[in-house]
Amino acid sequence: MPSSAPVTSAEVNQVAGHRHEESAETLIGFYREMALIRAFELRASEMYARARIGGYCHLNLGEEATVVGLMDALQPSDYLFTTYRDHGYALARGMEPGKVMAELFGKTTGVSRGRGGSMHMFDAERRMLGGYGIVGGQIPPAVGAALAISMDGPAGAETEAVMCLMGDGTTNIGSFHESLNLAGVWNLPIVFVIINNRLGMGTPVEAASAEPELYKRGSAYRIPGVRVDGNDVIEVRDAALAALEQARIERRPALIEAMSYRLRGHSVVDPARYRSVDDTAEAKAQDPVPAFRERLIEAGHLDAQAATAIDQEVDLVVDDAVKFAEDSPDPSPDELFDNAYATDVANAPRSLPGERLVVS
Amino acid sequence: MPSSAPVTSAEVNQVAGHRHEESAETLIGFYREMALIRAFELRASEMYARARIGGYCHLNLGEEATVVGLMDALQPSDYLFTTYRDHGYALARGMEPGKVMAELFGKTTGVSRGRGGSMHMFDAERRMLGGYGIVGGQIPPAVGAALAISMDGPAGAETEAVMCLMGDGTTNIGSFHESLNLAGVWNLPIVFVIINNRLGMGTPVEAASAEPELYKRGSAYRIPGVRVDGNDVIEVRDAALAALEQARIERRPALIEAMSYRLRGHSVVDPARYRSVDDTAEAKAQDPVPAFRERLIEAGHLDAQAATAIDQEVDLVVDDAVKFAEDSPDPSPDELFDNAYATDVANAPRSLPGERLVVS
Amino acid sequence: MTSRSGTVAEPVEASEPGAHGYRRPLTRADHVAMPNAQVMTYRQALNDTLRQEMIRDDKVFLIGEEIGVFEGSYKITAGLLAEFGPERVRDTPIAEEGFTGAAIGAAMLGYRPVVEIMTINFTLKAIDQIVNHAAKIHSMFGGQSSVPLVLRTPGGGGQQLAATHSQNLEVWYAHIPGLKVVAPSSPADAKALLLAAIRDNDPVIFLENLALYNTKGPVPDGDEAAEIGRAAVVRAGTDVTIVSYSRGVLTALEVAERFEAEGVSIEVVDLRSLRPLDRRSICASVMRTGRAVVFEDDWLTYGIGAELSATIAEGAFDYLDAPVRRVAAAEVPLPYAKPLELAAMPDADDLARAVRELLQDTRFRK
Amino acid sequence: MTSRSGTVAEPVEASEPGAHGYRRPLTRADHVAMPNAQVMTYRQALNDTLRQEMIRDDKVFLIGEEIGVFEGSYKITAGLLAEFGPERVRDTPIAEEGFTGAAIGAAMLGYRPVVEIMTINFTLKAIDQIVNHAAKIHSMFGGQSSVPLVLRTPGGGGQQLAATHSQNLEVWYAHIPGLKVVAPSSPADAKALLLAAIRDNDPVIFLENLALYNTKGPVPDGDEAAEIGRAAVVRAGTDVTIVSYSRGVLTALEVAERFEAEGVSIEVVDLRSLRPLDRRSICASVMRTGRAVVFEDDWLTYGIGAELSATIAEGAFDYLDAPVRRVAAAEVPLPYAKPLELAAMPDADDLARAVRELLQDTRFRK
Ligand SMILES: Cc1ncc(C[n+]2csc(CCOP(=O)(O)OP(=O)(O)O)c2C)c(N)n1
Ligand SMILES: Cc1ncc(C[n+]2csc(CCOP(=O)(O)OP(=O)(O)O)c2C)c(N)n1
Ligand SMILES: [Mg+2]
Ligand SMILES: [Mg+2]
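Going line by line, the protein sequences match chains G, P, X and V.
Everything in the first sequence is counted per the working numbering, starting at 1 for the first residue and increasing by one.
Everything in the second sequence is counted per the working numbering, starting at 1 for the first residue and increasing by one.
Everything in the third sequence is counted per the working numbering, starting at 1 for the first residue and increasing by one.
Everything in the fourth sequence is counted per the working numbering, starting at 1 for the first residue and increasing by one.
Because the hints were derived from the structure by calculation, they are not lab data.
Fair warning: there could be bad hints in the mix.
[Claimed, not checked] Derived SDA-like pairs: lysine to any residue, alpha-carbon spacing no greater than 25 Å straight-line:
(1) K216(V) to A236(V)
(2) K75(X) to R264(P)
(3) K59(X) to A207(G)
(4) K59(V) to A207(G)
(5) K59(V) to R126(P)
(6) K59(X) to E158(G)
(7) K75(V) to E206(G)
(8) K75(V) to R275(G)
This one's a predicted model, so the numbers in the text were calculated from it and none came from an experiment.
My request is simple: use the sequences and hints to build the entire structure.
This is the structure:
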């Protein structure tokens, strides 16, 4: 019975046969990406404190292995929908760090032209179809993208698929349920990924979900679920590859739960006083970035010097990103009504506040 | 693991130990209730055709055994929330047939004073807290009633519980998910009942639910589920008793799926052309009212004459109900603003259409 | 209390509740010459237009509850499943948020979904997807994506469907930048505006009305789309302007006929588009007549009529002989009982009374 | 393009985004003598009042996301979990529809839940429960049940939260019979209206505003509730009436101060209650001044200001020297970038300009 027996990540990997040795180059590449996200997020935090960035700003600190593993599994032709906690995904999906930072700065060169900010990264070309700020808001459109793919033509190993990311807290909202049911009943090529960082703002999973083993929630839709160690970039990547393959070939949705740990507060302004000292210490102990660095050094793929070189290199990338963002122009108020509509129509309102209503 | 193994009704009954022989009197009482609902619904259909009833009108035809079994399991102090398909529940919960019919006629003597009509039966005294017309709309308030009970005091065999009814199609809407999760995470004394009449309007369960064995849907919230034969009044009643007991004593929610069959269209005006001849024939073959009548005669609890006497008796009850409804006064337009608010406040609008705005 | 005029029932489809139709007064279609036009119902015009557009563009597909096998709650999609198959006429589970959002995602990938939500009351379930997603995606992502989606839904009371099933909530959508909202009052406009909506690259709320489906009028052949954002003067007049939309236009035309017999010439402006709102056409009419009444089925306070009244008072201030009169529904959850429903909903008598009072207040003389 | 006045940042709580506060002009509290009053923030007034009511009536409980352990997104409920425990300060999963509906059910059983929804933008998830359930239950069931529930939620833009997190959708709720909607602009009113809302037996939408939480004013001791449905003249004047509510009142008062220096006397009417709407007080003021400007943070078309403008034009027609002026937000999804956000949102300069034009149009002479 598909709904009852939890599938372990090992099983999935065996079935799909993806577990193989990675080349040093690949592993080092993963580290570079993780290090870049780490450096970028730390700088974003700093830039926020210096009031270069406004609004809400949610970081991927602590989730780097998950981010990199998931993004590596995607083909360029696949579609990605994610949450407001989206900087890392934008970077790992190949968006230019400068343009991502420029979006945070609200500049015209930002990936969303400064309209979206931190929560709303978008890149049509790279098929990153958005960070979304409403909890669960991305899930129904992601299902719709998978529906579009299914209408485009028959299944096959070369076809497109959709990956839809969400947090643990998001599994409790109605759109999660409606969307997984639609994906199940319509047999859509979509992989749902729950990034379980154990908290939705300050609420632990156990206080929010009557079934806290979230990968089991697919059972209500006959969607197989798997839980993986989100701190293990390879395990995450392999689970995602297997799930995507199933989505492409069988047109069946899949669910992955990546166990992760949020290193800081919910957003940059949250001091997370509600977290115990132990909890914070444990998060730090499990920090995937130094751990992976360590692992590569132990395996002999990197020496300390090479690792440090990477860390410095990504720091420079982030320096450049900040510089690019800083040098970019602010949008002009004249552009306020740009993209108000995709199709122009008569009488579309274009008044500025307080302007006289012109009617004759 | 509570989430995976489906519990059969037999197990539940064993656990709770409710299966016992029923007295002839009890069984005859059940038959009388089922026959009354049958007669009432047929008359409602007729009254609709004669334009005495307006709006939407959904009947319990074919669901009588489920209705009676569920209502028998409730204590007077329990709370009931149900759907727009609510006439039978109103009757079985003890509301006067005349007042139920008067509601359908839109009379001041109706159970909701003619404000609600067919879909919105309510009786504060009998703790029938409403029929609701929005699919899934009743579920969150039902959970809230259970929350109130849980705040009133500790669990116990004598405490109140909530029963919340819904159709099979309703399990696909977000409020179902949010509500069951809340009930699970807060340990609330509530029994969710899915009346699976195999169709939501014209859509079969299999086309709507990725997990069409609906009792399994509780697994996503660690809520045990049971499927019962909705045509068997005793089986339904026993499952409900067991679930209510668990709710009262353990403060744990439960889920029951009662398999049923809709005898006619979705509402009185639906000719149900989408249903095959076979399907309609099967529904008729499974009709619980004549079957139960037969069963009682076979068991020697009733003879044909006594059964017919009951049928005639309930017909008279319905005659009286119609007469009461017909003789009752229409609400006067003067009463339009009655109960606009529970607490009067300044400047509450009371203009009739087109009246001059009086401001000075 | 006011007395209400009886309503004459038209034959209603089996799937429609109640037997309380509306008298069909003359419609716009009767006033405008239309060559190559066939007379048909509003329902038929919608059905034909959906078919026509699905043939023209294979990216157009229909999605909603009970639109296929059941042929639609109000039978607007009758026959289309048989013609186009279950992929292009997609029945959904009861999950308005889910399937509306799915339509948004499909639209982002280049499809042109036409979503049906059974009645406007149920759009509340999908409103986060409509307002926080469909309406925002184009602008918020810097123009990189668009959502060419039509959301068809009927509003309106008068069928004894009681408080939760009788609402007119279009003003909510009309308030939202990023959305377009149209509301045809005649079969011809149902076609022309639906063509426009489907071909538009933005999300368009397409407002229907339960009481209009059986109304008839000529519908031109061909495929000329209306221009979204333009109102129409559907009856010319010199003495009073009535502004309305959707079903209200029929009532306005009926009242205009009544007054004609008395020698009062009423101009009727049909908004057709609630967003954008064609302030110019509204005010131009009032500048001609000097008197304005706005009419709607919705509740008065903060309704569509509020904006219309404000627009007229601001845009035609010097031309007004008396304040704009608003005729709208009594502000209560609509009761089931027919006498109460009739008392709460505005009708031709209410509108006529307001017009008459306005004429008196302004000392109208022929 | 218009130039924008710089805003002076006040210290913001760590949990609040950005550093873009608003200059605090004089508030109502500064104008009204209040014996036994303590000066405190709007946030503190809310927090104190919640505490006070929870002590007074054990049927009052709080429910919402992150209100307990996290102490509220905007820290309105700080300290209450520690004081009253997790049953009366109930943290919920992210399930606005579910927990708002649950609050409705608890209210039907005699509790008096105060629901917090983090911002008004997220109320869309719960809107079916609010509008089709909370607002209907009393009337639709013939008065047998009531829903004594308060839904607290902040609206407003200006914090660079972008399009989906910066809306002012209160006009939607203000439109719905069965609901009451209040919108305090000062700490004193925050208290008085919250007391009234909690003690009222109907569902009350209690509108807060992100930009008001840190504003300060005197708040009287005791427990005198405001009267729902009444506006207040928070500044008397003779030449122009500005009507506003919530944060807008502060801007109005600021502009009034500016004009005082020039010898123009502005009266400011604070709606306080959006539903019921106190038309009488609004029109009475305009009858005194003959000039009216309505000001709101929301989009212009079909906004609160539309109703206000219509109300004034209809109710004070003969007293108006020129059309009512509306000052409201530009009709776009609010962009993230600060220069665009500033351009889209109405501010004191915009309001002052409209007042000045109105004075000119009416040939105002001191
Ligand atoms: C519908 C809705 N409700 C509430 C919020 C406020 N909110 C933003 S993030 C968040 C927590 C989400 O938790 P989770 O899904 O675990 O994601 P995480 O932030 O941990 O990545 C909440 C409640 C929102 N944005 N949308
Ligand atoms: C939110 C919402 N969507 C759609 C409808 C229209 N509708 C009324 S009943 C119904 C079917 C419900 O099916 P099910 O839950 O199986 O209950 P049944 O009618 O079979 O008892 C639908 C779609 C509604 N009332 N509310
Ligand atoms: Mg989380
Ligand atoms: Mg059903």
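The hints, checked one at a time:
1. K216(V) to A236(V): Distance of about 21 Å is within 25 Å: holds.
2. K75(X) to R264(P): This hinted pair holds, its Cα atoms lying about 19 Å apart.
3. K59(X) to A207(G): violated (44 Å)
4. K59(V) to A207(G): holds (23 Å)
5. K59(V) to R126(P): Distance ~23 Å between K59(V) and R126(P) Cα, so the pair holds.
6. K59(X) to E158(G): holds (22 Å)
7. K75(V) to E206(G): The hint holds at about 23 Å.
8. K75(V) to R275(G): holds (16 Å)
Hint 3 from the list above is the single one not met by this structure.
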